[in-house]
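My request is simple: use the sequences and hints to build the entire structure.
Taken in order, the sequence shown gives residues -20 to -1, 1 to 229; the numbers are from mature numbering (1 follows the signal peptide of the UniProt record, and there is no 0).
It cannot be assumed that every hint is accurate.
In silico BS3-like links for lysine-lysine, alpha-carbon gap of 30 angstroms or less [what the hints assert, rightly or not]:
1) 126 / 98
2) 58 / 178
3) 226 / 137
4) 46 / 30
5) 46 / 98
If you are wondering where the hints come from, they were derived from the structure by calculation, not from laboratory data.
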Amino acid sequence: MKITVLASAIALLSMGPAMACTTILVGDKASDDGSFIIARNEDYSATNAKHMVIHPAVDNQQGEFKSHSNDFTWPLPKSAMRYTAIHDFDTQDKSMGEAGFNSAGVGISATETIYNSKPALTADPYVEKTGITEDSIQTVILPVVKTAREGAEMLGKIIEQKGAGEGFGVAFVDSKEIWYLETGSGHQWLAVRLPTDKYFVSANQGRLRQYDPADTTNYMASPTLISFAEKHGLYHPKDGAFDFHKAYS
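Encoded structure:
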């Protein structure tokens, strides 16, 4: 099965300092050649240079990763797989990896900025100083995960433990499936498995809506996603089925 991360060919459009992105996900039965595709363009200044870097496999690591953009830290894995990354030029090739693949065949596109609602963030603000941000996601996750599902699950657990420092949507792909995760607030998140015969487009806003806690094949989420929304008036069961976008975006 073919898999593609087109974010590695980021379109650097000369549109001034606007920070805008569009993500496109395509299931293998929805693509012309049977590929799974995750892609993202970055509409930013043409002077924002990128470095494509191949990070070698590493054994017996010690210490911790430190974010370039805030005080987020995460323990370095003892063994890290070989992986590729597309870094912003000013991070010394150590963070803001954005997109790439690892030696297990897992791909990621990690910097689709989204904006959660004011009521959701009043109840559970972003952890801006020490939470995980787009700067760190690819660098922390890609060296260790073996499947797309593992990638989404690991990011979700980090959000629960350390908090999200900002709103983001992140795509994961392997030879079998695509997963897409969105933040709901500082510690809430939802990830959905893309149906193989569908495509998905998002431009700087949360798009996920449906969530079935009983369907663990196609959904993963923070354990208090619905109960938190009820407690803080973001969702009322009398209004019908839970809608993630309505509650958190």
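Worksheet item: Which earlier hints can't be squared with this structure?
Response: Structure breaks hints 1 and 2.
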